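Here the protein sequences come in this chain order: A and B.
The letter at position 53 of the first sequence is residue 52 when you use numbering that gives the first Met the number 0, and the numbering goes up by one with no holes.
The letter at position 1 of the second sequence is residue 0 when you use numbering that gives the first Met the number 0, and the numbering goes up by one with no holes.
The set of hints was computed from the structure by calculation and includes no laboratory data.
A quick note: this is a predicted structure, and the numbers were derived from the prediction, not measured.
Glycine included, every Cβ here is placed at the ideal spot set by N, Cα and C.
Mixed in with the good hints there might be a few duds.
Stated by the list, open to error - Here are some of the chain B residues that sit facing chain A, going by a computed Cβ distance under 7 Å:
(1) 74
(2) 78
(3) 81
(4) 151
(5) 213
Said to hold, decoys possible - With beta-carbon atoms standing in for the labels, derived distance ranges:
(6) A:126 / B:64: 52 to 58 Å
(7) A:164 / B:196: 50 to 56 Å
(8) B:226 / A:240: 19 to 25 Å
(9) A:148 / B:338: 37 to 43 Å
(10) A:243 / B:78: 55 to 61 Å
(11) A:240 / B:75: 32 to 38 Å
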Amino acid sequence: MVAGPKRLIGVALVAVIVFWAPRPATMQERAKPVTRIVSLVPALTEILFAIGAGPQVVAVSTYDTFPPEVKALPRVGALLDPDMERILALRPDLVVSYGSQTDVQAQLARAKIRVFSYRHAGLNGVFTSLKELGAAVGRTAESERLAREIRSGLDGIQARVRGRPRPRTLLVFERDPASLRSVYVSGGVGFLHEMLGIAGGVNVFADVARESVQPSIETMLARAPEFILEVRATGMLAPANDVAQAKRVWGTLASVPAVKQGHIQILTGEYLVVPGPRVVQGTEAFARALHPEAFK
Amino acid sequence: MSRLRASRFGAQGTFDSVAASRTRAGDLASVVPSPIRTRLLKTAGGFGVLVVVTCLVAPLVGSSPISLVRVFDRSIPFSENVDAQIFFVARMPRVFAGAVVGAALAAAGVVFQALLRNALATPFTLGVSAGASLGAMLAIVFGATISAGPFSAVPLASLLGAGIAAAIVYRLATMQDRAMSTTVLLLAGVTLNSFFSALIMFVQYIADFAQVYRAARWIMGDLDVGSFDPIVAALPMLVIAFAMFAWLPSSLNLLSVGADAASARGVDVGRTQRLAFVSASLATAAAVSLAGPIGFIGIVVPHLVRLIVGVDHRLVLPASALFGAAFLVMCDLAARTLLAPLEIPVGVITAILGGPFFLWLLVRKG
């Protein structure tokens, strides 16, 4: 099975829901500068490259696709199937892993290899990871600069859409292609929900304190969203057909304002679903979809 | 087990009276109105009223309050009328799907229990649900966009998987001789279940998280079909299955005692077994393709019904179908309202209600 970018949805969304553990990201040891990094977390791989630590990355997870440089790097498994032998054989001095990979962390500790433990925690988590990872790889200045960039990028988007009516939005990230079954939407927790807020939308499921909600047809009708925003890591069909089919599928819910006014949009791209440095691009894509007039 | 079976299907004395009434009903039906007709009418009437009441009440209740006056207010265009949409698009198809799936699974449970002469048999004992689950899993992971006529990918693939599983079991059980061997049926079914489960695990392992989650969710059962189309697609199969069920009850009464005894009383055992297997598998496959493998209906409902109406299949089969319909509609009502706006998978509700009940039944009978 090729590591298709669609798999990133899983890493970014589902896995973290299941494996989220309320533990602080810690550095087991702070010592000499790192030269060989293995990253099992795609969002953190992106951060490493963005703060200039890319040349030190010697291997990544099977889910990594960005930046393009990672395509040439060896793969050492992922969340559930890290290949310990290969990781050790690469003689890393820092392994970036998920907080829930306690076995991996214990083994690495026995091998006296430093571990960076990742905790998934919404948009703020991106800044926390940036700060801590920057410190861990000795690139504090770069990580602070990137944090400022992300912050000002998000502030800029927020400023552009300020004062505009905020559509009540259904943010969909999974659906059966031909019907309204297996619909999964963002609840009121997580980076997608926060990105929607910054982009000038109001999540219709904000009151449900979960990252992912599977709403019934009845709840979707009752919540009556004014905008339906579908987010996908990879396209299912050609874009024009995709939108046509989406409009047909959602057409069943004729009383929903978004359906009546044709406010249904599909955004495709893995950058939308990875909580890394590209959240600014993702948020801007949301904002352009919801408020095209603000970007004219 | 044997004690359980004996008490389940009645002692020989009860059976004889059933057989006697069957002969009478068969020979003299046109001349003398048999008691079974009256009992059937009463039973079907009673359970029928339950189904009708359930199906009328269920669409009125849900996570969002709606006004019935608005629902039927013709002066508001349908596309503007949220209450009508919730009633007709969200709730009615759901209730209807619950009724047909519940009826199919409960009736299939009765037929499989008689065919296998095993009180613990369910519609899923012979591998049909595992085949269907493998099909659904493959559709979710690999072929998300294929479809045929009214079927979309997942129902179509689960139907195919169920059909293949049933065909394999059928072939194995009929290989030796004309009549089916229930032992071979059971062993083949159980083995096939494990085999398909292993394949499912393999596909899960190579799939990504979102797909695994969707597949896991599918296995928990879901009646939120969203329109009448999927129900209409499954309906022809269900109609054929129920038409075949109509031929079965008298023969099942004899078959549940034993193939030899049935044969001695003039039952074409091979034909009855084939009819029972094909009809029950068809009903199960159609139900599973529509709503996923919702458990416990097929085992709890038949036993509950037997407690009420006795062991005569001429009563048990229709009563189970009707009660199964009402039971699943009620379970789904609980599923969609208890944690609203979140939903509890309906298979979880049936298992939570059905599991303890079934244990109680076992202890009581033991």
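Structure-based check of all given hints:
no.: 1; hint: 74; verdict: 15 Å, violated
no.: 2; hint: 78; verdict: 4 Å, holds
no.: 3; hint: 81; verdict: 5 Å, holds
no.: 4; hint: 151; verdict: 4 Å, holds
no.: 5; hint: 213; verdict: 5 Å, holds
no.: 6; hint: A:126 / B:64: 52 to 58 Å; verdict: 42 Å, violated
no.: 7; hint: A:164 / B:196: 50 to 56 Å; verdict: 52 Å, holds
no.: 8; hint: B:226 / A:240: 19 to 25 Å; verdict: 21 Å, holds
no.: 9; hint: A:148 / B:338: 37 to 43 Å; verdict: 42 Å, holds
no.: 10; hint: A:243 / B:78: 55 to 61 Å; verdict: 19 Å, violated
no.: 11; hint: A:240 / B:75: 32 to 38 Å; verdict: 34 Å, holds
This entry does not satisfy hints 1, 6 and 10, going by the numbered hints stated previously.
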